[in-house]
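Q: From first to last, the protein sequence lines stand for chains Y and C. For what it's worth, this note's numbering labels the leading residue of the first sequence as 293, then goes sequentially. For what it's worth, this note's numbering labels the leading residue of the second sequence as 51, then goes sequentially.
Hints were generated in silico from the structure; no laboratory data involved. Where hints are given, some of them may not hold.
Calculated lysine-lysine pairs in the BS3-like style (CA-CA distance at most 27 Å, straight line) [claimed, not checked]:
{"hint": "1", "chain 1": "Y", "residue 1": "Lys365", "chain 2": "C", "residue 2": "Lys194"}
{"hint": "2", "chain 1": "C", "residue 1": "Lys139", "chain 2": "C", "residue 2": "Lys124"}
{"hint": "3", "chain 1": "Y", "residue 1": "Lys353", "chain 2": "C", "residue 2": "Lys194"}
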Amino acid sequence: MTPLDDIDTRLLRALSMDAGQSAGALGRVLGLSQPATWRRIRRLEEAGIIHGRMLRLDAEKLGFGVTVFLGVKLALRGRVSLEDFERAVSAIPEVQTVEHVLGLYDYRLRVVARDLSDFERVLRRRIMTLPGAGDVEANVLLSEERLAGPL
Amino acid sequence: MLDDEDRRILRYWQEEPTLTHAELAQRAGLTTGRTTRRIARMQDLGVVQGVGVVIDWAALGYAVEVSLRITLDKTQGNAFDSFMAQARKVPEVIEIQTFLGRVDVRLSIIARDMAHYQQIYRSRILTLPHISEIEALMHVARIKTSEGLPL
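Pulled out of the complex, with its shape left as it was, chain C reads as follows:
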């Protein structure tokens, strides 16, 4: 579906998402027209979803980030669906992932400080349905954040 030229464009682009098509073309050693056509095709195919901004929550006053690893009570048939539906309603939840493994669901939660976190945890998290176990990982630092693919 994709060839080496496509991959080359994506490699440079994911490294520097703010590059223009002309700059990308220059780095990939292609003409701008060819690069633009290839990007348009990859967008049509859904390979390229877009360029999003990365929000620094700490700069907005959310200094605390906690990862909650949750095991659900799967004897309840709708445990996943009703848990997820309720978790989506908590504004401080910025990410929900589901897994195959020891952990069923992971929530990323942000809070202004530990007192705020404690309040969210008690009033909004512990009240979510079908939780059987929770483990918390407190976020210290991001070492690598690129999320680039090894193309």
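Just chain Y, with the same shape it has in the complex:
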């Protein structure tokens, strides 16, 4: 794919904030026709730069008042299969994201819960019982900002 030009960058910025805008409305802001806008979006999708879409919900308004990030270290490294751990942890509905990381921890999990006692239930019954789960560190999320990045 040809490198991004200024209009692509502005388009990506606008889409990352609200992908629900029509190509027509976006085009008006960027000074493009509707088909030209649509073609650019398609090109960004085909290049894999637009990786997918995500429905953004207000977790708190839906009754999920607590988000906790867990750093998980695997116990008996080498003796548990990473695939087994990954499959089991990904199947927990309260676990929103699973990242494999290098450093102090092996995995980083984002967990939502209704409140702290609900979180405790998830932690005890679902996380601590995972095959290979060892040391766990919890940090309760207070605020979160997503930035546009180097666009």
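Starting from the known structure of chain Y, arrange chain C on it as the hints suggest.
A: Chain C alone, transformed into the frame defined by chain Y:
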């Protein structure tokens, strides 16, 4: 505030954010009119914030992602605010989260390669105010990314 039909719509929608209202209605077993009305209401309530695109930074040439877990020097009254204000100015910072726990702030940083990361780390991160400790987790793979809620 929300009932089972609302939750059903959200469940299907968060799984496939590109579905139209008509497709959502069909899956949830509702009429399109009813689905559209319910979605409009959830948007008014702020439960549904919108559908955003997910940008794949690796496809844009940012191969490295590092999570920096930072402890701040809280003896300085304005440590949080001045740290956050400066961190927002670093273009490669794509996420800022604050926590209750062992870690105060976490920054997600993207870079083209390790040399680029090293340069950002030295010139833009280590110069941020009020840092007392930094730990880095290097991102290896995303195993689960849905960020869906267990509705």
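Q: Hints first: check each against the structure and report whether it holds.
A: Outcome of the hint check:
no.	hint	result
1	Lys365/Y - Lys194/C	holds (17 Å)
2	Lys139/C - Lys124/C	holds (21 Å)
3	Lys353/Y - Lys194/C	holds (23 Å)
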